[in-house]
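Peer 1: The lines below spell out each chain.
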Amino acid sequence: MFRRLGDTGATLTLTVDGKEIRARIGDTVAAAMLAAGIGRFRTTPVSGAARAPYCMMGVCFDCLVTIDGIGSRQACLVPVREGMAIETQQGKREAGR
Amino acid sequence: MTEAADLASSYDLVVIGGGPAGLAAAALAARAGVSTVLFDENPGVGGQIYRGITSTPITNRGVLGEDYWAGAALAAEAKASGALIVTGATVWSLDPSLQVGVAIAGRARLVQAKRVIVATGSLERPFPIPGWTLPGVMTAGAAQTALKAQGLVPKGHTVVAGAGPLLWLLAAQLLRGGAKIEAILDTAPRLNWLRAVAHLPDFALSAYWSKGLALLREVKAKAPVIRIANLEALGDDQVREVAFDGRRLPADLLLLHQGVVPNVNLAMAAGIEHRWNARQLCFEPVLDEDFGSSVPGIAVAGDGAGIAGGTAAAERGRIAAIAAMRALRPEAAVADTQAIRQKLQREEMGRAFLDWLYRPADALRQPVGETLACRCEEVTAQQVRDMARIGCEGPNQMKAFLRCGMGPCQGRLCGLTITELIAAERDSTPAEVGYYRLRPPVKPITLAELASLPIAEAERKAVER
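Sequences listed follow chains D and Z, in order. Each residue of the first sequence is one higher than the last, beginning at 1 in my numbering. Each residue of the second sequence is one higher than the last, beginning at 1 in my numbering.
Just so you know, the hints here were simulated from the structure itself, not pulled from any lab data. Since we're looking at a predicted model, the values are computed, not measured. Among the hints, a few may not be true.
[Claimed, not checked] Just so you have them, the derived chain D footprint on chain Z, three or more residues with Cβ under 8 Å:
1. 145–156
2. 418–430
[Said to hold, decoys possible] Pairwise CB distance ranges (calculated):
3. Arg22/D / Gly297/Z: 21 to 31 Å
4. Asp245/Z / Arg40/D: 46 to 56 Å
5. Gly83/D / Gly391/Z: 51 to 61 Å
6. Glu82/D / Gly178/Z: 21 to 31 Å
7. Gly71/D / Gln342/Z: 49 to 59 Å
Using N, Cα and C, we set each Cβ at its ideal position, and we do this for glycine too.
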């Protein structure tokens, strides 16, 4: 859906569902995932429909992912860090997580 | 990086939001010696209009345009002013005693303010069409954010649809960035001209007249523009096509926009009185000439005070800051606001024309059938209409019946739709129907964050058994 314009600067590595992706320092988690071609961030707890970022500014909550074990974080507001472990969320979050 | 533990327990002025209004307000107040903290939940300041202004990877200034780069001076001014600027800081509550709840890097604090300026800006109006929740359907603002902050440009089949100045600006920026736009689907009803034309003389005198015309010419030279009346996003787990007026186009990315509206959640949760603006079709706070709200000590500046654009937002922030300085330091000499008010008036001159010209069509604000009104709880327009028809009178009762507005976005993406649907079904008005009752926390915080709030010995003893 997206490509990077020009110089992409220094990069770092994070994982999404165990798979490594490269990100640019200054990316938010959502931007890094979109740039890596990830088009599905979660499925809804109501119908299980696929969702991906809609607003990129912290108001729609469709980009919710699990970051380093903490669920339902807004991927569009969290800057990437080296080694970050991202998990996409499937339907209802499992109890106890 | 400022952490929660680094914050003082109180500040003279707390500014919430680091867009043009917040930056201008904080800079002015801090320079006058008022102890000022500015909180913004994003990784950097700038708000949406100057998103990524201190960090954007885009070096070709022409892509985003000079109006964007004007934000650099505002950001630098705020930084040099002595105000404490805390990014990554989520304000989750504000109450009439001027206590501000903020979470930073997993820890929460309550900060006492003597004055508060809410500068939480605007968000894009809901655009409830069939398929608007599909991955690959985003707002125009989302694509603009990705471009400004991360230098991301759409690839594949990209369709832009809607109405409003931002739509054309985004299209121009994407084209300059090398994106190919399959089509721009213009949803502004042709008859809008009838009401807009009376305000044309004012608009012609504003700075936006020549800028706007140049922008339209630039975009129309590079992308086909199709006037449409209805719109649908099609696909299974990702948008594949857009359908309109019996036609179809392939689409990997559909960017929607039909204007911006004040982001009211924090201001409403603080108890600030709001009213319906029938021209801009949204709720806005009731404010005095210094942008002071119905809650003593809290001002609302910027687009959160009613949509007027980024340059006006900075002027509004300055007026609110001067009012705060007068209240905090009655003995000190404070700048007169007359020159600022004149600038503000010039900025606001063309607004009525734009509001009428780009007024979104009723059918694109008041969906029917299976179209989702509430994205989070997946409540359809039909459900809301049926419930209103059998007697549900307002948004809060609607919440109890259907759960609309009770998901993670806390009504930000459905509030106006629900209000308008109830008004339409009950032959009432949005002003009478009202809006969701909003309460803190206005952003989700974890129990761990709440538990990290410092507790005084007396408070601990009060609940000990």
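Peer 1: Hints first: check each against the structure and report whether it holds.
Peer 2: Hint check results:
1. 145–156: Our answer is that it holds, as 11 residues pass the Cβ test (under 8 Å) against chain D, meeting three.
2. 418–430: Result for this restraint: violated, n = 0.
3. Arg22/D / Gly297/Z: 21 to 31 Å: Since the Cβ atoms of Arg22/D and Gly297/Z sit about 48 Å apart, the hinted range of 21 to 31 Å is violated.
4. Asp245/Z / Arg40/D: 46 to 56 Å: violated, 30 Å
5. Gly83/D / Gly391/Z: 51 to 61 Å: The hint (51 to 61 Å, Cβ to Cβ) holds, given that Gly83/D and Gly391/Z are roughly 55 Å apart.
6. Glu82/D / Gly178/Z: 21 to 31 Å: 30 Å Cβ-Cβ, so the 21 to 31 Å window holds.
7. Gly71/D / Gln342/Z: 49 to 59 Å: Holds: the Cβ-Cβ distance is about 51 Å, inside 49 to 59 Å.
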